[in-house]
Amino acid sequence: MQVPDQPAPRRRPSGPQGAQAVLLRLLYQLGWRVGPRIPAVLQEMVISAGAAIAVDRGGRPIDQYAENLRYATGREPDQELLRAGIASYLRNFLEMFSLPGWSRSKIIARVSTSGEGDLRRAMADQGAVIALPHSGNWDLAGAWACLTGMPVSTVAEELSGPEYEEFLAFREGLGMQVIGHRDPAALSELMAAVRRGRLICLVADRDLVGSGVPVTWNGHPVTMPAGPALVARRTGAALFPMVTWFTNDGLRLDIGPRIAHRPGRAGLVAMIQDEADYFADRIARRPQDWHLMQPFFTRGPAGASA
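For the sequence shown, my numbering begins at 0 and goes up steadily by one.
No lab work stands behind these hints: they were computed from the structure. Please read these numbers as outputs of a predicted model, since none were measured by experiment. Misleading hints may appear alongside valid ones.
[Claimed, not checked] Cut-off 25 Å, straight-line C-alpha distance, at most; resulting in silico cross-link-like pairs (DMTMM-like, lysine to aspartate or glutamate):
(1) 105 with 171
(2) 105 with 248
(3) 105 with 188
(4) 105 with 43
(5) 105 with 94
(6) 105 with 115
[Stated by the list, open to error] Taking CB as the label site, the calculated pair distances span:
(7) 195 with 248: 33 to 39 Å
(8) 55 with 115: 20 to 26 Å
(9) 208 with 75: 17 to 23 Å
(10) 74 with 256: 26 to 32 Å
(11) 164 with 261: 35 to 41 Å
(12) 44 with 125: 45 to 51 Å
(13) 74 with 248: 43 to 49 Å
(14) 269 with 52: 40 to 46 Å
(15) 40 with 269: 46 to 52 Å
Each residue gets a CB set at the ideal place from its N, CA and C atoms; glycine is no exception.
Work the whole structure out from these sequences, hints included.
See the structure below:
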């Protein structure tokens with residue numbers, strides 16, 4: 000989450016991008032209608048076949064994903080890792096589409112945790128902010144938190160047109176408060192949510208608006224949003240990094256130790272560097288469940304990291 004710019008005017012999509020937006024909208028609408036009714040065996044078949052086809056066909060998105068994995072792991076990703084990563088990405092979407100049809104008990108049973116005790120103590124004391132990367136299924140994590148006494152407030156990328164409304168209705172249906180990333184009052188709304196006893200969960204690897212804080216990830220320069228650290232410092236809430244990954248039959252929430260508050264600009268950078276270090280360590284262990292497929296690592300000449 001970042002301090003947002005003023006909201007951009009909505010424009011009617013046209014040309015290839017407009018067609019893509021319409022297709023995406025139809026995909027979400029269809030997915031949420033039929034997702035809960037797709038048998039698990041069929042989901043596994045779709046995931047396996049889809050991953051194999053996507054990697055075999057290649058193209059710019061797969062090349063970008065391979066580059067991100069290369070920097071994250073320190074090695075050239077092979078076909079097996081790429082297929083596992085795309086399969087995990089597809090699993091995330093299918094589970095997201097299925098979530099509205101899951102019972103309370105099923106959602107709770109699918110999630111296991113580490114570090115949960117300290118998080119709950121912080122929630123009962125000064126409040127808590129979680130920073131997490133694009134890994135595992137963050138919607139399932141949010142639904143689990145809401146159902147177990149930690150109502151979630153979050154920021155989502157504000158899409159154009161009805162597809163954003165679809166996301167909004169979906170996440171609010173799970174019990175989350177969702178704020179658009181271009182909302183000029185986002186930071187103050189999140190601070191107010193902390194004071195109301197809500198858990199702040201912010202996806203914190205991708206720099207959406209280009210105003211992130213420079214840090215390093217496995218020694219490579221990146222920029223990451225300042226939102227989680229800012230909200231934590233300004234409210235006194237505890238700041239936790241968290242990485243989620245898939246298990247055979249569920250989702251693991253790996254909640255890290257509290258990140259110490261430090262004052263000033265240098266302190267803010269140090270807090271975000273702590274987030275990056277935790278993300279980098281955990282993702283290097285389970286790279287296939289990191290779903291960041293947009294440009295992330297800063298590149299110098301000839302594609303080398305700067």
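Tested hints:
1. 105 with 171: Holds, at about 19 Å.
2. 105 with 248: The given pair, whose Cα atoms are some 11 Å apart, holds under the 25 Å limit.
3. 105 with 188: violated, 31 Å
4. 105 with 43: With a Cα-Cα distance of about 19 Å, the restraint between residue 105 and residue 43 holds, given a limit of 25 Å.
5. 105 with 94: With Cα atoms ~12 Å apart, residue 105 and residue 94 stay inside 25 Å; holds.
6. 105 with 115: Holds. Residue 105 to residue 115 sits at ~19 Å (cutoff 25 Å).
7. 195 with 248: 33 to 39 Å: With Cβ atoms ~34 Å apart, the hint holds.
8. 55 with 115: 20 to 26 Å: violated, 40 Å
9. 208 with 75: 17 to 23 Å: violated, 31 Å
10. 74 with 256: 26 to 32 Å: holds, 28 Å
11. 164 with 261: 35 to 41 Å: At 39 Å between Cβs, range holds.
12. 44 with 125: 45 to 51 Å: About 47 Å separates the Cβ atoms of residue 44 and residue 125, which means 45 to 51 Å holds.
13. 74 with 248: 43 to 49 Å: Between residue 74 and residue 248, where Cβ atoms are some 29 Å apart, the hint is violated.
14. 269 with 52: 40 to 46 Å: holds, 44 Å
15. 40 with 269: 46 to 52 Å: holds, 48 Å
Hint check: violations occur at hints 3, 8, 9 and 13; the rest are consistent with the structure.
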